[in-house]
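**Student:** Sequence:
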Amino acid sequence: MWEIVVFIATVAALIMVLRKLPVDAETTFKETGKKSETQEKSLRVQADELFEQGEPKKAEAAYLKLLSKEPNDASLFNKLGLIYLESKNYKDAKAALSAALKIEPENDTFYNNLGLLYYEMEDYDAAIEAYEKSVSINDKIASRLVNLGLAYFMNKKYRRAADSYEKAIILDPRNENYIELLKKAEEKLK
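Sequential numbering from 1 applies to the sequence shown in this note's numbering.
Accuracy of the hints is not assured; some may be wrong.
[What the hints assert, rightly or not] With beta-carbon atoms standing in for the labels, derived distance ranges: (1) 46 - 86: 11 to 21 Å; (2) 72 - 173: 32 to 42 Å; (3) 45 - 87: 14 to 24 Å; (4) 46 - 184: 15 to 25 Å.
Since the hints were made in silico from the structure, they are not lab data. C-beta: ideal position from N, C-alpha, C; glycine also.
Model the full structure from these sequences, guided by the hints.
**Tutor:** Structure (structure tokens):
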């Protein structure tokens, strides 16, 4: 039963992203017959570079093209989610990140990114839930504990924010920003 649900969700997400494939994507990324594995990796590298260079539309086209060939690659859905989040297209960001989590339900990075989405949308309760899930899977990344603390802070849960910041400082004791955030949370507790 679970496999059917995952398959249906994956197909639905793939249909959603394929509808967004630009008409000129074929000319941007021309196919010359059947691509080898090396060429597919090359397209992935190119997509990542486009994303890092601030070319979200071109990166999106490349990721969508890759997804049409690799519909169970959760990392591609995650990358699309980040592109949509950056452009404030929250609906598609949520759909893409949810698709990534359906494929890899224990991926702490994907939960963190979902938390970023909810935080950006000012849905701090949902952000806290996503960040808590991320941290429950992997509590060794200081920035994720800070993200959780920021969401608690915005929800006026200052004790929990301070606790999260303290855990982050244990992992990264020289980070001045984390120390400042802890001070602000502690001031609110007075």
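**Student:** Would you mind marking each hint as holding or not holding in the structure?
**Tutor:** Quick rundown of the hints versus the structure:
1. 46 - 86: 11 to 21 Å: holds (18 Å)
2. 72 - 173: 32 to 42 Å: Taking Cβ atoms as reference, residue 72 and residue 173 lie about 40 Å apart, which means the hint holds.
3. 45 - 87: 14 to 24 Å: holds (22 Å)
4. 46 - 184: 15 to 25 Å: violated (42 Å)
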